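Assemble chain X onto chain Y, guided by the hints.
First to last, the sequence lines map onto chains Y and X. Note that my numbering has the first sequence beginning at 337, numbered continuously upward. Note that my numbering has the second sequence beginning at 337, numbered continuously upward.
By construction, these hints were calculated from the structure, which means they are not laboratory data. Source: prediction; values computed, not measured. Some hints could be false.
All copies of an identical chain are treated as equivalent in the list; a pair is satisfied when it fits inside any one copy or across any two copies.
Claimed, not checked - Below, simulated EDC-like cross-link-like pairs (lysine to aspartate or glutamate); rule was C-alpha separation at most 20 Å, straight line:
id, residue 1, residue 2
1, K594, D403
2, K358, E433
3, K462, E446
4, K406, D570
5, K462, E444
6, K462, E438
7, K348, D478
8, K462, E356
9, K348, D575
10, K447, E514
11, K447, E459
12, K358, D412
13, K447, D478
There are 2 protein chains.
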Amino acid sequence: MKIVHTIEDVRKSVRQSRIEGKTIGLVPTMGALHAGHASLIEAAVAECDFVVVSIFVNPTQFGPGEDLDKYPCTLDTDAAFCENLGADLIFAPSADEMYPSEPLTWVEVEKLTDGLCGANRPEHFKGVTTVCAKLFNIVGADIAYFGQKDAQQTAIIRRMVCDLNLPLQICVYPIVREPNGLAMSSRNRYLSAEERGRALCLRKALTACREQIAAGQRDRNTLIDTMEAIIAQDQGRIDYVSIVDAETLEPLKTIAGKVLVALAVHIGDTRLIDNILIDLNNPPNIV
Amino acid sequence: MKIVHTIEDVRKSVRQSRIEGKTIGLVPTMGALHAGHASLIEAAVAECDFVVVSIFVNPTQFGPGEDLDKYPCTLDTDAAFCENLGADLIFAPSADEMYPSEPLTWVEVEKLTDGLCGANRPEHFKGVTTVCAKLFNIVGADIAYFGQKDAQQTAIIRRMVCDLNLPLQICVYPIVREPNGLAMSSRNRYLSAEERGRALCLRKALTACREQIAAGQRDRNTLIDTMEAIIAQDQGRIDYVSIVDAETLEPLKTIAGKVLVALAVHIGDTRLIDNILIDLNNPPNIV
Numbered sequence: 337m338k339i340v341h342t343i344e345d346v347r348k349s350v351r352q353s354r355i356e357g358k359t360i361g362l363v364p365t366m367g368a369l370h371a372g373h374a375s376l377i378e379a380a381v382a383e384c385d386f387v388v389v390s391i392f393v394n395p396t397q398f399g400p401g402e403d404l405d406k407y408p409c410t411l412d413t414d415a416a417f418c419e420n421l422g423a424d425l426i427f428a429p430s431a432d433e434m435y436p437s438e439p440l441t442w443v444e445v446e447k448l449t450d451g452l453c454g455a456n457r458p459e460h461f462k463g464v465t466t467v468c469a470k471l472f473n474i475v476g477a478d479i480a481y482f483g484q485k486d487a488q489q490t491a492i493i494r495r496m497v498c499d500l501n502l503p504l505q506i507c508v509y510p511i512v513r514e515p516n517g518l519a520m521s522s523r524n525r526y527l528s529a530e531e532r533g534r535a536l537c538l539r540k541a542l543t544a545c546r547e548q549i550a551a552g553q554r555d556r557n558t559l560i561d562t563m564e565a566i567i568a569q570d571q572g573r574i575d576y577v578s579i580v581d582a583e584t585l586e587p588l589k590t591i592a593g594k595v596l597v598a599l600a601v602h603i604g605d606t607r608l609i610d611n612i613l614i615d616l617n618n619p620p621n622i623v
Numbered sequence: 337m338k339i340v341h342t343i344e345d346v347r348k349s350v351r352q353s354r355i356e357g358k359t360i361g362l363v364p365t366m367g368a369l370h371a372g373h374a375s376l377i378e379a380a381v382a383e384c385d386f387v388v389v390s391i392f393v394n395p396t397q398f399g400p401g402e403d404l405d406k407y408p409c410t411l412d413t414d415a416a417f418c419e420n421l422g423a424d425l426i427f428a429p430s431a432d433e434m435y436p437s438e439p440l441t442w443v444e445v446e447k448l449t450d451g452l453c454g455a456n457r458p459e460h461f462k463g464v465t466t467v468c469a470k471l472f473n474i475v476g477a478d479i480a481y482f483g484q485k486d487a488q489q490t491a492i493i494r495r496m497v498c499d500l501n502l503p504l505q506i507c508v509y510p511i512v513r514e515p516n517g518l519a520m521s522s523r524n525r526y527l528s529a530e531e532r533g534r535a536l537c538l539r540k541a542l543t544a545c546r547e548q549i550a551a552g553q554r555d556r557n558t559l560i561d562t563m564e565a566i567i568a569q570d571q572g573r574i575d576y577v578s579i580v581d582a583e584t585l586e587p588l589k590t591i592a593g594k595v596l597v598a599l600a601v602h603i604g605d606t607r608l609i610d611n612i613l614i615d616l617n618n619p620p621n622i623v
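Looking at chain Y on its own, in the form it has when it is part of the complex:
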């Protein structure tokens, strides 16, 4: 496995693989890799001939006062992690390599970015879509891999790829959880032992929501009240708890169709997100 830091070097490697007729997979990450990333890298290695893992903590997707400065940076550990999983190339550019001059060009997706995480992180997804477009253009991958944990991000990226006719396929893999149910996240390492316990309220709330829906509950407010009460018990500070259409991300008054139940909760100083997908089409798939 090779580690490269420049756009020129990643393009050179990929060009060679392309000439050899290989399919190219890309797993875009911000590093601090965990079992969630591992599931994406494993899928890429299984499906593609040449797998690039990008590691770039993208400054343009962090708002003022967010955790850009303290975001974990663990390149050596990440490199060993990727090599063990069979990745072929790590692309770890500097901010200057990605933004050599003031970036003036932005890729923005309307509507899908308004709610959920977008409501309190107004510039976040503009940074995400722009850096993903850049990474797709730099690597020239056939398939890019994303995690369902960032449910809104995946809906937005899928829409961007479709609207801009980007010549690649987006694959989304399920949330990977710790044995106790906590969704894997690079930000989990910020949590104290006591906070780790309280952080389980996200999953507990989602599970309760799923059970109520399985039992026939279809009223948004009732379901949200249930989830908010569970989070309050563990002193979680709610950013949002919402039930939306899984594709349009528009809030659902009555629960129907393919449904995304999503929440963002601050546990101490750490903002965590989690979600579940529920398909109420025929036949319903409530898992």
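Chain X alone, transformed into the frame defined by chain Y:
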């Protein structure tokens, strides 16, 4: 030469050429082709192995009240024109093919789009950059060809390609003029015989500006006053007359460096644009 109307068909043709090791050129147009387009197609045919001319009157770059509905549509003539010049493929999609659902994703370039044509056509360049990004992604060209007549557009597209790491090269070719000096434009066909005469004021104003600069004039206001007086003599209604840095497009108070003198003028109901580039770096190149 083939004419295709779907994204799938253009990708199929280009994929085959790519396998054969050919370099791919793209000339994006809105049809109504003239000698200006011919210079781009000829350059593409000379430099590339497989040349795609796209013909698409892109609705998202026209504002309310602009000339979308009356924009000339001459596909048969355009096809013969391209074939004579040696193009390999025409891609002429419908609006539904390019925008199968409400477009939510936009590519926008800041700052460069604020002045000149952007001031009175606020959504125009957002439509241009987005459709160009789409065309680049659909065709997968190595080189795309643009005309210097749309000076602001070329600066914006170059910046977009650079900022988004789009894997293609942008080539810009000089303005082609009628023998009397009128810049070639698909919109010239809107002009009456009398208006054609008056339309020469654009070129006259630019020539006078160049002569004053060659004679040592460096004051913006003096140069602009000269140009505005010439346009007024022919009853041109000025949209803008400006002198800007050729790369940043920022207005220059004192004329220095690589300079773009650009103007937009209504002759009757027809809006015409024209410009000259003047390089005052050492050695100066005032042509």
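Enumerate the violated hints, using their earlier numbering and listing them in ascending order. Those not satisfied are hints 1, 2, 4, 8, 9, 10, 12 and 13.
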